[in-house]
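Protein chains in written order, with this note's numbering: chain A, 1 to 377; chain B, 1 to 186; chain C, 1 to 271.
Some chain C residues close to chain A (C-beta under 7 Å, calculated; not the full set):
id : residue
1  : Thr66
2  : Ala76
3  : Thr79
Restraint-style ranges between C-beta atoms, simulated for each label pair:
id : chain 1 : residue 1 : chain 2 : residue 2 : range
4  : A       : Glu317    : C       : Gly40     : 53 to 59 Å
5  : B       : Glu158    : C       : Asn252    : 49 to 55 Å
6  : A       : Ala45     : B       : Ser60     : 32 to 38 Å
7  : C       : Arg112    : A       : Ser350    : 57 to 63 Å
8  : A       : Asp277    : B       : Arg173    : 51 to 57 Å
9  : A       : Ser350    : B       : Glu158    : 52 to 58 Å
10 : B       : Pro90     : A       : Ala318    : 46 to 52 Å
11 : C       : Asp263    : A       : Asp209    : 33 to 39 Å
12 : B       : Pro90     : A       : Asp194    : 56 to 62 Å
13 : B       : Val87     : A       : Asn261    : 45 to 51 Å
14 : B       : Glu32     : A       : His186    : 17 to 23 Å
Simulated from the structure, these hints should not be mistaken for laboratory data.
Heads up, the beta-carbon is just placed ideally off N, CA and C, and yes, glycines get one too.
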Amino acid sequence: MAVERSARLMQGNEACVEGAIAAGCRFYAGYPITPSTEIAELMAASLPCVGGRFIQMEDEIASMAAIIGASLTGTKSMTATSGPGFSLKQENIGYAALTEVPCVIVNVQRSGPSTGLPTSPAQGDVMQSRWGTHGDHPIIVLSPSSVSETYRLTFESFNLAEKYRNPVILLMDEVVGHMRERVDLHSLSMSVVDRVKPTNKREDYLPYDAAPDGVSPMANFGDGYRCHVTGLIHNKKGYPTSKAEEVDFLIRRLHNKIDHNLDDVLKYEEYMVDDADIIVLAFGSVARSAHNAVRRARQNGVKAGLFRPITIWPFPEAAVTALAQKAKHIIVPEMNLGQLRLEVERVAGSRCQVSGINSIIGELIAPDQILRRIMEV
Amino acid sequence: MKNAAMEFRLGGSGGQGLILAGIILADAAIMEGKNAVQTQSYGPEARGGASKAEVIISESAIDYPKVTMPNVLLCLSDEAYRKYGQVVDPNGLVITDTSMHLPLPNEKTMVPLYRLPVLSIAREKIGRGLTANMVALGCLNALTKSVSDASLEQAISERVPAGTAELNLKAYRAGLAAAQQLLIAK
Amino acid sequence: MALQHAQDYLRNAMMPHIWCPGCGHGIILGAILRAISKAGLDQDKTVIVSGIGCSSRASGYMDFDTLHTTHGRALAFATGVKMAKPELNVIVIMGDGDCSAIGGNHFIHACRRNIDLTAVVFNNSIYGMTSGQYSPLTPRGKFATTAPYGTIEREFDLCDLAIAAGASYVGRGTTFHAQLLTDLIVKGIANKGFSLIEGISQCPTYYGRKNKMGGPIDMMKWQQEHSVNAVAATKMTPEQLDGKFKIGELHNSPAPEYIAEYDKIIAARRA
Numbered sequence: 001m002a003v004e005r006s007a008r009l010m011q012g013n014e015a016c017v018e019g020a021i022a023a024g025c026r027f028y029a030g031y032p033i034t035p036s037t038e039i040a041e042l043m044a045a046s047l048p049c050v051g052g053r054f055i056q057m058e059d060e061i062a063s064m065a066a067i068i069g070a071s072l073t074g075t076k077s078m079t080a081t082s083g084p085g086f087s088l089k090q091e092n093i094g095y096a097a098l099t100e101v102p103c104v105i106v107n108v109q110r111s112g113p114s115t116g117l118p119t120s121p122a123q124g125d126v127m128q129s130r131w132g133t134h135g136d137h138p139i140i141v142l143s144p145s146s147v148s149e150t151y152r153l154t155f156e157s158f159n160l161a162e163k164y165r166n167p168v169i170l171l172m173d174e175v176v177g178h179m180r181e182r183v184d185l186h187s188l189s190m191s192v193v194d195r196v197k198p199t200n201k202r203e204d205y206l207p208y209d210a211a212p213d214g215v216s217p218m219a220n221f222g223d224g225y226r227c228h229v230t231g232l233i234h235n236k237k238g239y240p241t242s243k244a245e246e247v248d249f250l251i252r253r254l255h256n257k258i259d260h261n262l263d264d265v266l267k268y269e270e271y272m273v274d275d276a277d278i279i280v281l282a283f284g285s286v287a288r289s290a291h292n293a294v295r296r297a298r299q300n301g302v303k304a305g306l307f308r309p310i311t312i313w314p315f316p317e318a319a320v321t322a323l324a325q326k327a328k329h330i331i332v333p334e335m336n337l338g339q340l341r342l343e344v345e346r347v348a349g350s351r352c353q354v355s356g357i358n359s360i361i362g363e364l365i366a367p368d369q370i371l372r373r374i375m376e377v
Numbered sequence: 001m002k003n004a005a006m007e008f009r010l011g012g013s014g015g016q017g018l019i020l021a022g023i024i025l026a027d028a029a030i031m032e033g034k035n036a037v038q039t040q041s042y043g044p045e046a047r048g049g050a051s052k053a054e055v056i057i058s059e060s061a062i063d064y065p066k067v068t069m070p071n072v073l074l075c076l077s078d079e080a081y082r083k084y085g086q087v088v089d090p091n092g093l094v095i096t097d098t099s100m101h102l103p104l105p106n107e108k109t110m111v112p113l114y115r116l117p118v119l120s121i122a123r124e125k126i127g128r129g130l131t132a133n134m135v136a137l138g139c140l141n142a143l144t145k146s147v148s149d150a151s152l153e154q155a156i157s158e159r160v161p162a163g164t165a166e167l168n169l170k171a172y173r174a175g176l177a178a179a180q181q182l183l184i185a186k
Numbered sequence: 001m002a003l004q005h006a007q008d009y010l011r012n013a014m015m016p017h018i019w020c021p022g023c024g025h026g027i028i029l030g031a032i033l034r035a036i037s038k039a040g041l042d043q044d045k046t047v048i049v050s051g052i053g054c055s056s057r058a059s060g061y062m063d064f065d066t067l068h069t070t071h072g073r074a075l076a077f078a079t080g081v082k083m084a085k086p087e088l089n090v091i092v093i094m095g096d097g098d099c100s101a102i103g104g105n106h107f108i109h110a111c112r113r114n115i116d117l118t119a120v121v122f123n124n125s126i127y128g129m130t131s132g133q134y135s136p137l138t139p140r141g142k143f144a145t146t147a148p149y150g151t152i153e154r155e156f157d158l159c160d161l162a163i164a165a166g167a168s169y170v171g172r173g174t175t176f177h178a179q180l181l182t183d184l185i186v187k188g189i190a191n192k193g194f195s196l197i198e199g200i201s202q203c204p205t206y207y208g209r210k211n212k213m214g215g216p217i218d219m220m221k222w223q224q225e226h227s228v229n230a231v232a233a234t235k236m237t238p239e240q241l242d243g244k245f246k247i248g249e250l251h252n253s254p255a256p257e258y259i260a261e262y263d264k265i266i267a268a269r270r271a
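So here's chain A without its partners, still in its complex pose (with noise of 0.2 Å):
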């Protein structure tokens, strides 16, 4: 019975793979890993049926480095992974970050350190996401909370990756990703971003030549530009430099091209804040756990709000420092040894107080829990 249906159940998985391929994803690299592996076996019956490729790579570096390496032919590529995959891309992540080839990485959190809890949720990758590859480097990280999130926050990843030039991170966790929800269908129109290509001639292209804040046009392996990309600091013709103000100059742009535009990269929610006392901060999963204890504490009374952050790196500072401003205090709940909360208390710890709710055990954090915590202060 084939009925026009306005609302599916989808995965969060699945939800991933769809977002991906509507944003224009044709290439897919990736190895098993629990539990995001559904993305890519969904990926690898997917993507031939839209003209693309998909290829389960002899391990997670590879497929970091694939992605990498398709992009540079203008093809918008993704990979994922979980816990400790996303710890062996790290090295080739900022190989991206550098040599400023867009492209997405999925992390579905799961369990840790090690081999941890494989099968179980966890949100300890926090900080990884922020820190896992070495120098200083650019990095936008964006967390869904749902179904249809996860759908809309890839496509998004997709569109910054390119306008930036970035990878892009869509850091899910095990709960978010293996959930399946009702996702209605018409939230999911978007439009497409594309990276900007050059339009000079060859010998007038410069690969990285940009105002200290700006992007480049990014010419397409293939067409005829013959560009150098290396992983060592290079000019704004891409070769290698040691040259103080041109390594300055570098990685000081790469950083600004994304903190210089925080309006158009940092999303985040706001549910009953305006006359909260007390603010649940919470992200992923645990921010439906957050607004279902800040619903009942309304109900008993309590001026309590939710703030969720969307975009979790750059951080939503200055959001984050309104709402300190006049809260009493900012419990953060998170599926981890606090991670997230060191960024809250760097921000808003001289302002109110911050404390956190910390589960390591595997199993989503429980509204009662947090409701608790808010009766408490």
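Mind docking chains B and C on chain A? Use the hints.
Structure of chains B and C alone, referenced to chain A:
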């Protein structure tokens, strides 16, 4: 449905297909315009071990996606019951397989218990042990009427492997009939 | 298309290069450029991918789309380039440590897939960039900064490894046999599948000095004296072959190419 949200917990051993049963139940609810969330937890075993699927069906938005107090608990193995059977809503109900040995919820809790030959119906009547998940869905829907038969049958047809729809529908209907009979007998 | 002179393919702005006087890598680079010219590849449709190490700096000196990647991963990057745009000619430059140690896993799997890449390994039996440590291709008993008493590890024969792993074209040349090297690379490029050309190169600065092999000329003479043509080798006894290595075409066995096979799936899915 009496409550705004109805929570289901389906426990069994890996390979019994209860996650698929949960998916089908959630899918049927969405066809009826409701909200539904399905989650699961599982161990490293693809076969054996305890696994559970959870479904929440609600007329309104669902924030916390996990089941806290199931209105319906269905368990097909002793191990799953031992692991997941501790909590049931006092106004809810429990469905178990007749082959299970564990001490089951009793008069003290006052939660109605329905013991049904889910596994043997699948094995003997349908001839395929693998269809126990559909037999279980039939039992569950006969006892709870959570979604319409038509939606559930459509969801089954769309979600089971190609070429097996008839077999699975037959299993579903057999479960439905068995539970209805039990209701009449009670 | 008229043959271009090898020098026309160099990026003058990148000179001077970093290689030591007497290093063999420039000879292999020259062989690659002459092979590209002979094979008639379109300069704008040819991508050079390299890893990290002395040899991998070659990509920067070559006027194509060039990709100087991370240590050991050149073949994985190249796989992405080739899969996303199969019409590009992709040549991969690696060193012995780069290819066979940190990149060993990528190497055997690129061979196994028979993906249409031409890999040229600059084998100087040493990690030169980090000043003289032994690699998996350093012969047993030889000296290096990390093998001060001689290495006890058995070396790989990279060509045998490639053949065993499924590469469809394999050859070996040396910097002494530069013309042979060029011809082998031309054939490797022509092969629709994974090709390995091993180029034996001399590192007088570290390997030669550590192992008292003399200057660059002596090291090239050593290559001449210790190499045996693959065809001639078939008529020689094991005793005669002892201490020698084979050069020339070692394996030529066309097999289904990875992307061509993948594209059959695309065609079937979209039919």
